[in-house]
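Given the coordinates of chain L, work out where chain B should sit on it, guided by the hints.
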Amino acid sequence: RKEVEQDPGPFNVPEGATVAFNCTYSNSASQSFFWYRQDCRKEPKLLMSVYSSGNEDGRFTAQLNRASQYISLLIRDSKLSDSATYLCVVSIRAYKYIFGTGTRLKVLA
Amino acid sequence: GAVVSQHPSWVICKSGTSVKIECRSLDFQATTMFWYRQFPKQSLMLMATSNEGSKATYEQGVEKDKFLINHASLTLSTLTVTSAHPEDSSFYICSAHIAGGKGGDEQFFGPGTRLTVL
Chain L
2 RKEVEQDPGP FNVPEGATVA FNCTYSNSAS QSFFWYRQDC RKEPKLLMSV YSSGNEDGRF
62 TAQLNRASQY ISLLIRDSKL SDSATYLCVV SIRAYKYIFG TGTRLKVLA
Chain B
2 GAVVSQHPSW VICKSGTSVK IECRSLDFQA TTMFWYRQFP KQSLMLMATS NEGSKATYEQ
62 GVEKDKFLIN HASLTLSTLT VTSAHPEDSS FYICSAHIAG GKGGDEQFFG PGTRLTVL
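Residue numbers (this note's numbering), protein chains in the order written: chain L, 2 to 110; chain B, 2 to 119.
Chain L on its own, in the form it takes in the complex:
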C-alpha cells in the first residue's frame, strides 16, 4: 500500500461546478497535512495546510479525518484557472514529507 494515495483522475468538470478530492494516508502517526497545486511542467505551490478542525480559504475547503486517515479538498465555483494537478502531502515527522501522485483537474468552459 502506498503511503499516500490519491485518485489520479482526471476530473473533468464544467466551470462553476463543485469538485472534491480525497487522499488517504497509511501512517497513523502523520503529523502535518498539506494540499499543493502543480501546473504542468512547473514546481508545486502550497495551496493550503490542513488543520484538524478543517479550514477554508476562499473557494477552497480542506478537511482532515484522523480516524479514517484521509484528507479532502473541496473546490467550489470552479474556474478555468483551477485546472492543475493537486498534490496531497503528508509529513510523517519533522523534515519528512511524502507526496501523493496527484489528482488532475480539468475545468471546462
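FYI, nobody ran anything at the bench for these hints, they're computed from the structure.
Heads up, the beta-carbon is just placed ideally off N, CA and C, and yes, glycines get one too.
All clues given are correct.
Distance condition first, Cα-Cα at most 20 Å in a straight line; then the derived DMTMM-like pairs of lysine to aspartate or glutamate: (1) L:Lys43 to B:Glu107; (2) B:Lys67 to B:Glu23; (3) B:Lys42 to L:Glu4; (4) B:Lys42 to L:Asp40; (5) B:Lys42 to L:Asp83.
Computed, partial: chain L to chain B, Cβ under 7 Å: (6) Glu44; (7) Pro45; (8) Tyr96; (9) Phe100; (10) Thr102; (11) Gly103.
Positioned in the frame of chain L, the structure of chain B alone reads:
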C-alpha cells in the same frame, strides 16, 4: 512569500558528463533544503535532505556517490549528477524548509531543473 531559485532551468547533456544544479533561497536562510525528482506523470520523490554544514541524508535507493549534494551556506545547496545517463533524465526540484511558518512548517519550491541526458 519566500522565493527559491534554481539554476539552470533546463539542461541537455551527453551521457557520461556531470551536471550541477544550484538551489538558492533568495530572501531567507534555510538550514534545510530538500532535493526531489519527478518523472513524467509521477509524483515527487524525495532524493535527499540537505543540511547546511553537514552531510546530506539520502533516501533509500538513492546513490550518494552519484548524486552529490553540498550545502555550504544557508542560502545555497547544490546537486551534482555525476556521470549522467539517459535514465537520469528527469525534473529535479529543490525546496527550502522554513520551520514554524504561518501554516506550521513549510516548504518553498524552486522552479525545477529539467535534465535531459542524450
